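There are 2 protein chains.
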Amino acid sequence: MKITVAVDIMGGDNPPSELAQGAVNAAKEFAGEGLELILVCTEDAASQLPQLPKNVTLELANSVVEMTDDPSVVMKEKKDSSLVTAVTLCKEGRADAVVSAGNTGALFTASSLIIRRIKGVRRAALGSIIPVEKPFILLDCGANLDATPEILQLYARMGSIYAQVVLGIENPRVGLLNNGTEPHKGIALYQETYKLLSADETINFVGNCEGKSLPFDACDVLVCDGFTGNIALKIIEGMAKFMGHCIKGIFHAGPLAMLGGALTLKQTKALKEQVDPSEYGGAPFLGLAKPVVKAHGSSDAYSFRSAIKQVLKYCKGGTIEKITASMANKNSSVNIEE
Amino acid sequence: MKITVAVDIMGGDNPPSELAQGAVNAAKEFAGEGLELILVCTEDAASQLPQLPKNVTLELANSVVEMTDDPSVVMKEKKDSSLVTAVTLCKEGRADAVVSAGNTGALFTASSLIIRRIKGVRRAALGSIIPVEKPFILLDCGANLDATPEILQLYARMGSIYAQVVLGIENPRVGLLNNGTEPHKGIALYQETYKLLSADETINFVGNCEGKSLPFDACDVLVCDGFTGNIALKIIEGMAKFMGHCIKGIFHAGPLAMLGGALTLKQTKALKEQVDPSEYGGAPFLGLAKPVVKAHGSSDAYSFRSAIKQVLKYCKGGTIEKITASMANKNSSVNIEE
Numbered sequence: 054m055k056i057t058v059a060v061d062i063m064g065g066d067n068p069p070s071e072l073a074q075g076a077v078n079a080a081k082e083f084a085g086e087g088l089e090l091i092l093v094c095t096e097d098a099a100s101q102l103p104q105l106p107k108n109v110t111l112e113l114a115n116s117v118v119e120m121t122d123d124p125s126v127v128m129k130e131k132k133d134s135s136l137v138t139a140v141t142l143c144k145e146g147r148a149d150a151v152v153s154a155g156n157t158g159a160l161f162t163a164s165s166l167i168i169r170r171i172k173g174v175r176r177a178a179l180g181s182i183i184p185v186e187k188p189f190i191l192l193d194c195g196a197n198l199d200a201t202p203e204i205l206q207l208y209a210r211m212g213s214i215y216a217q218v219v220l221g222i223e224n225p226r227v228g229l230l231n232n233g234t235e236p237h238k239g240i241a242l243y244q245e246t247y248k249l250l251s252a253d254e255t256i257n258f259v260g261n262c263e264g265k266s267l268p269f270d271a272c273d274v275l276v277c278d279g280f281t282g283n284i285a286l287k288i289i290e291g292m293a294k295f296m297g298h299c300i301k302g303i304f305h306a307g308p309l310a311m312l313g314g315a316l317t318l319k320q321t322k323a324l325k326e327q328v329d330p331s332e333y334g335g336a337p338f339l340g341l342a343k344p345v346v347k348a349h350g351s352s353d354a355y356s357f358r359s360a361i362k363q364v365l366k367y368c369k370g371g372t373i374e375k376i377t378a379s380m381a382n383k384n385s386s387v388n389i390e391e
Numbered sequence: 054m055k056i057t058v059a060v061d062i063m064g065g066d067n068p069p070s071e072l073a074q075g076a077v078n079a080a081k082e083f084a085g086e087g088l089e090l091i092l093v094c095t096e097d098a099a100s101q102l103p104q105l106p107k108n109v110t111l112e113l114a115n116s117v118v119e120m121t122d123d124p125s126v127v128m129k130e131k132k133d134s135s136l137v138t139a140v141t142l143c144k145e146g147r148a149d150a151v152v153s154a155g156n157t158g159a160l161f162t163a164s165s166l167i168i169r170r171i172k173g174v175r176r177a178a179l180g181s182i183i184p185v186e187k188p189f190i191l192l193d194c195g196a197n198l199d200a201t202p203e204i205l206q207l208y209a210r211m212g213s214i215y216a217q218v219v220l221g222i223e224n225p226r227v228g229l230l231n232n233g234t235e236p237h238k239g240i241a242l243y244q245e246t247y248k249l250l251s252a253d254e255t256i257n258f259v260g261n262c263e264g265k266s267l268p269f270d271a272c273d274v275l276v277c278d279g280f281t282g283n284i285a286l287k288i289i290e291g292m293a294k295f296m297g298h299c300i301k302g303i304f305h306a307g308p309l310a311m312l313g314g315a316l317t318l319k320q321t322k323a324l325k326e327q328v329d330p331s332e333y334g335g336a337p338f339l340g341l342a343k344p345v346v347k348a349h350g351s352s353d354a355y356s357f358r359s360a361i362k363q364v365l366k367y368c369k370g371g372t373i374e375k376i377t378a379s380m381a382n383k384n385s386s387v388n389i390e391e
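Chain order of the listed sequences is Y and A. Each step along the first sequence adds one to the number in this note's numbering, with nothing skipped, and position 19 is 72. Each step along the second sequence adds one to the number in this note's numbering, with nothing skipped, and position 335 is 388.
So that you can see chain Y by itself, here it is in the shape it has in the complex (with noise of 0.2 angstroms):
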């Protein structure tokens, strides 16, 4: 089996050649499980790339899109950028996926028009997993500020067959984040999604999670609006920074702390590496009809590589046709077109 992943090499915040050594990495690791990459990038940066293995092909592009640029013009003036072309290749059947270190907004945008979304899914959106005691998926991070209870369902379907496909949990708790665990918390969005995840038998909902029960193994899945989920997402990245910088603090105190630094390396690697998000590499779009992964804007080599890992996890697993499938179910709610 052949998987051919589009991997969008700019508009990251490391230059090109390191996103494509991450590349190359993955090109030949996964050689034997069939993956096949397209490069695709600025005949300036393809000037500037390591040798490329047989196994990876270069596409040109003529523009990159920013960090800063408006994700509702990109369609209109960048499409001939190094994203838009990565996403038209798969779009064109050419690639089964795409993935990209670049702006986020725009890669939701171009893929949500140019590959759609699967028959019956409402909104798309952006899965993110985080390392905490043990990694969860948070979803919606962000795709979409507002939402209903049965878009919220649709999350926790979605988020399950991705947990069960990817992070390889055979039957994966669905929780609801929330301002208390009683299934009468919450603001009406919340209630109402409470009720339809109770009766909903195609998912393992264990109920409402509040904030300080997450980083301890609440949940292999937790579900929440896009205006929540992106702050939830930012505050647990941001006191997980925190915890680095205290740590990194105690052994710069002095010299016997830093000899208790030097004590202690091993497990300060160890924690470091548990919660260092790059070793997932990359936040999934869930409801596309193609697999698109968004590498972190910061990926070096290494987590672009286990972006490129996720993505081939994610074709491989048939995500795609398990969501069109639950979608199918009959007693959903959640496949109402708008």
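Simulated from the structure, these hints should not be mistaken for laboratory data. Be aware that a few hints might be false.
[As the list claims (entries may be wrong)] In silico DSSO-like links for lysine-lysine, alpha-carbon gap of 30 angstroms or less:
#1 Y:Lys144 / Y:Lys375
#2 A:Lys366 / Y:Lys294
#3 Y:Lys248 / Y:Lys294
#4 A:Lys294 / Y:Lys238
#5 Y:Lys294 / Y:Lys172
#6 Y:Lys238 / A:Lys366
#7 A:Lys322 / Y:Lys301
#8 Y:Lys129 / A:Lys107
#9 Y:Lys325 / A:Lys301
#10 Y:Lys294 / A:Lys187
#11 A:Lys294 / A:Lys366
#12 A:Lys366 / Y:Lys187
#13 A:Lys187 / A:Lys322
#14 Y:Lys301 / Y:Lys81
#15 A:Lys81 / A:Lys55
[What the hints assert, rightly or not] Residues from chain A that face chain Y, not an exhaustive set, calculated with beta carbons under 8 angstroms:
#16 Phe83
#17 Glu186
#18 Leu249
#19 Gly264
#20 Ser266
#21 Leu312
For clarity, every value in this text was computed on a predicted model and none was experimentally measured. Quick reminder that beta carbons are idealized off the backbone N, C-alpha and C, glycines included.
Since chain Y is already given, all that's left is putting chain A on it; use the hints.
Just chain A, lined up with the frame of chain Y:
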């Protein structure tokens, strides 16, 4: 200037004797500042109290509000509770302020109904002081799950005044919690609030704040609706707890790591104190006609003493008078009664 605080020592996670000890410590420490306390408890609890100094008196109550009690029934069924008695002492003028470590919802409901709000204040808010790199006050932490732009503006003003009076910050920076820093970010409520806060000359608005910047001194007052605020507060608490577990884990990995722990004991202790909410001890309700402070449910003697110290500052700084004056500000869009 004499300040009398009604102190409910029942209904917390720790026994009344522990909270009474904290109250007695505060009474001794701040006797010179005119602090007098009325401890409210059951007869049973009264029999186990430490010896009371001259500036502490007792008031007996017949029942206790439990953490699991529904706030809406407390006013009907537990009018004789220590919590309602403490609030009533304040209403009747026998006390100037209230502190309780009991049921948050019940304290808010009883205070709102008995003490009532400052004229012009449409909604009282629950503030919480978040101890990260530099402490800031987050409001609303869940007193009201819904809000309007005018209500969020009200929170901004009240939070500013509290930060001046209690945290001692001259010109507090007010941030709006949002999913991005640009003015157009967020759901409609937040877009409208951004405009109101920008135009409000009585506050020092510094714009939208994302979650990732919160631990790093982004603002002194962080404003949001109660649903988002409660979730944000609990994620921060959860991540701080996770940080504690991780650091403990580092130093318990083996004999060398334990030696490392011993060498950095001073630094880890300092960090623990820095991120310890018990240093502030309580969350103020803002907008009520008298100062009411909710001490943390798990308060021990030290943090209960800190909550009483906080309410003393709340009273002495003229917070209520300043909020009242702010409501009378002609340019204000916040003082429209529903």
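Here is what the structure says about each hint:
1. Y:Lys144 / Y:Lys375: holds, 20 angstroms
2. A:Lys366 / Y:Lys294: Since the Cα atoms of Lys366 (chain A) and Lys294 (chain Y) sit roughly 33 angstroms apart, the hinted pair is violated (cutoff 30 angstroms).
3. Y:Lys248 / Y:Lys294: violated, 36 angstroms
4. A:Lys294 / Y:Lys238: Roughly 24 angstroms separates the two Cα atoms, so the pair holds.
5. Y:Lys294 / Y:Lys172: violated, 39 angstroms
6. Y:Lys238 / A:Lys366: violated, 34 angstroms
7. A:Lys322 / Y:Lys301: Between Lys322 (chain A) and Lys301 (chain Y) the Cα gap is close to 15 angstroms, so the pair holds against 30 angstroms.
8. Y:Lys129 / A:Lys107: Roughly 77 angstroms between the alpha carbons, so the hint for Lys129 (chain Y) and Lys107 (chain A) is violated.
9. Y:Lys325 / A:Lys301: holds, 14 angstroms
10. Y:Lys294 / A:Lys187: The given pair, whose Cα atoms are some 15 angstroms apart, holds under the 30 angstroms limit.
11. A:Lys294 / A:Lys366: holds, 28 angstroms
12. A:Lys366 / Y:Lys187: violated, 42 angstroms
13. A:Lys187 / A:Lys322: Holds: Lys187 (chain A) and Lys322 (chain A) sit about 17 angstroms apart, inside 30 angstroms.
14. Y:Lys301 / Y:Lys81: violated, 35 angstroms
15. A:Lys81 / A:Lys55: Within the cut-off at roughly 14 angstroms; holds.
16. Phe83: It is violated, given that the least Cβ distance between Phe83 (chain A) and chain Y is near 32 angstroms, above 8 angstroms.
17. Glu186: holds, 7 angstroms
18. Leu249: Check failed: Cβ of Leu249 (chain A) comes no nearer than 18 angstroms to chain Y, outside 8 angstroms.
19. Gly264: holds, 3 angstroms
20. Ser266: Ser266 (chain A) check passes; min Cβ-Cβ to chain Y is 7 angstroms, inside 8 angstroms.
21. Leu312: holds, 6 angstroms
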